[in-house]
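Engineer: If you want the building blocks of each chain, they are given just below.
2 protein chains.
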Amino acid sequence: MSQFVHEIVVGEKHEGSYTLELINMLGKGAQRVIVKAHGRNISKAVYVTESVRRLTGDKIGYGKIKIYSTEVGELKEEKSVPVIEIEVINLGVKPQS
Amino acid sequence: MSQFVHEIVVGEKHEGSYTLELINMLGKGAQRVIVKAHGRNISKAVYVTESVRRLTGDKIGYGKIKIYSTEVGELKEEKSVPVIEIEVINLGVKPQS
Numbered sequence: 001m002s003q004f005v006h007e008i009v010v011g012e013k014h015e016g017s018y019t020l021e022l023i024n025m026l027g028k029g030a031q032r033v034i035v036k037a038h039g040r041n042i043s044k045a046v047y048v049t050e051s052v053r054r055l056t057g058d059k060i061g062y063g064k065i066k067i068y069s070t071e072v073g074e075l076k077e078e079k080s081v082p083v084i085e086i087e088v089i090n091l092g093v094k095p096q097s
Numbered sequence: 001m002s003q004f005v006h007e008i009v010v011g012e013k014h015e016g017s018y019t020l021e022l023i024n025m026l027g028k029g030a031q032r033v034i035v036k037a038h039g040r041n042i043s044k045a046v047y048v049t050e051s052v053r054r055l056t057g058d059k060i061g062y063g064k065i066k067i068y069s070t071e072v073g074e075l076k077e078e079k080s081v082p083v084i085e086i087e088v089i090n091l092g093v094k095p096q097s
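So the sequence lines, in the order shown, correspond to chains C and L.
Per full-length UniProt numbering, residue 1 is the first one in the first sequence, and the count goes up by one each step.
Per full-length UniProt numbering, residue 1 is the first one in the second sequence, and the count goes up by one each step.
Hints listed in this document are in silico derivations from the structure and should not be mistaken for laboratory results.
A couple of the hints might just be wrong.
Computed cross-link-like contacts, DSS-like style, restricted to lysine-lysine with a CA-CA straight-line distance of at most 30 angstroms [stated by the list, open to error]:
(1) L:Lys36 with C:Lys64
(2) C:Lys94 with L:Lys79
(3) C:Lys79 with L:Lys59
(4) L:Lys28 with C:Lys36
(5) C:Lys79 with C:Lys28
(6) C:Lys79 with L:Lys76
(7) L:Lys59 with C:Lys76
(8) L:Lys76 with C:Lys59
(9) C:Lys66 with L:Lys79
(10) L:Lys76 with C:Lys66
Predicted, not measured: the structure shown is a model, and the values here were computed from it.
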């Protein structure tokens with residue numbers, strides 16, 4: 001068991017890839033995982049955490065959920081992009097065989 | 001000023017339409033507005049609340065942010081779809097002229 005805060009950044013890969021990554025982290029004993037996404041990937045992050053909740057039989061809960069913005073792009077051409085950080089709390093996810 | 005909880009459901013319309021709706025509600029004195037979205041519209045909801053935060057000069061804050069799933073579709077063909085509910089708190093948005 002680790003008290004270290006793990007992070008998954010949900011990007012362009014398929015949803016299932018992040019779902020598996022999150023289940024594996026929790027199954028290995030991570031107590032908290034921050035699932036983070038920018039812009040159009042925010043919906044995907046929520047699909048991922050809800051899939052993991054269903055697949056593990058409600059063995060995760062939500063901690064703090066943060067919304068804020070960050071600047072991306074070239075100097076003087078920065079664009080503000082929203083970010084979500086979802087704190088996923090391990091309520092007893094079993095190790096995957 | 002109203003203590004009633006207002007709700008905006010972010011759907012298929014353009015982001016700007018919901019941004020305007022939210023600014024108007026807050027400008028008219030709504031103390032709290034729940035911004036709700038399903039599935040692929042979740043990202044759009046976060047774009048909307050962050051746009052309103054910027055446009056109003058940080059005159060909104062976030063209250064409780066909830067994530068859960070709901071079943072949609074025909075009987076025996078239901079599909080689970082994630083939902084977000086973002087509680088937006090009015091920190092002094094001025095009425096729009």
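Engineer: Take the hints in turn and mark each one as holding or not.
Structural biologist: Here is what the structure says about each hint:
1. L:Lys36 with C:Lys64: holds (18 angstroms)
2. C:Lys94 with L:Lys79: Holds, at roughly 25 angstroms.
3. C:Lys79 with L:Lys59: holds (21 angstroms)
4. L:Lys28 with C:Lys36: It is violated: about 34 angstroms lies between the C-alpha atoms, which goes past 30 angstroms.
5. C:Lys79 with C:Lys28: violated (38 angstroms)
6. C:Lys79 with L:Lys76: violated (44 angstroms)
7. L:Lys59 with C:Lys76: holds (25 angstroms)
8. L:Lys76 with C:Lys59: The given pair, whose Cα atoms are some 26 angstroms apart, holds under the 30 angstroms limit.
9. C:Lys66 with L:Lys79: Status holds; Cα separation ~27 angstroms.
10. L:Lys76 with C:Lys66: Cα-Cα ~35 angstroms, so violated.
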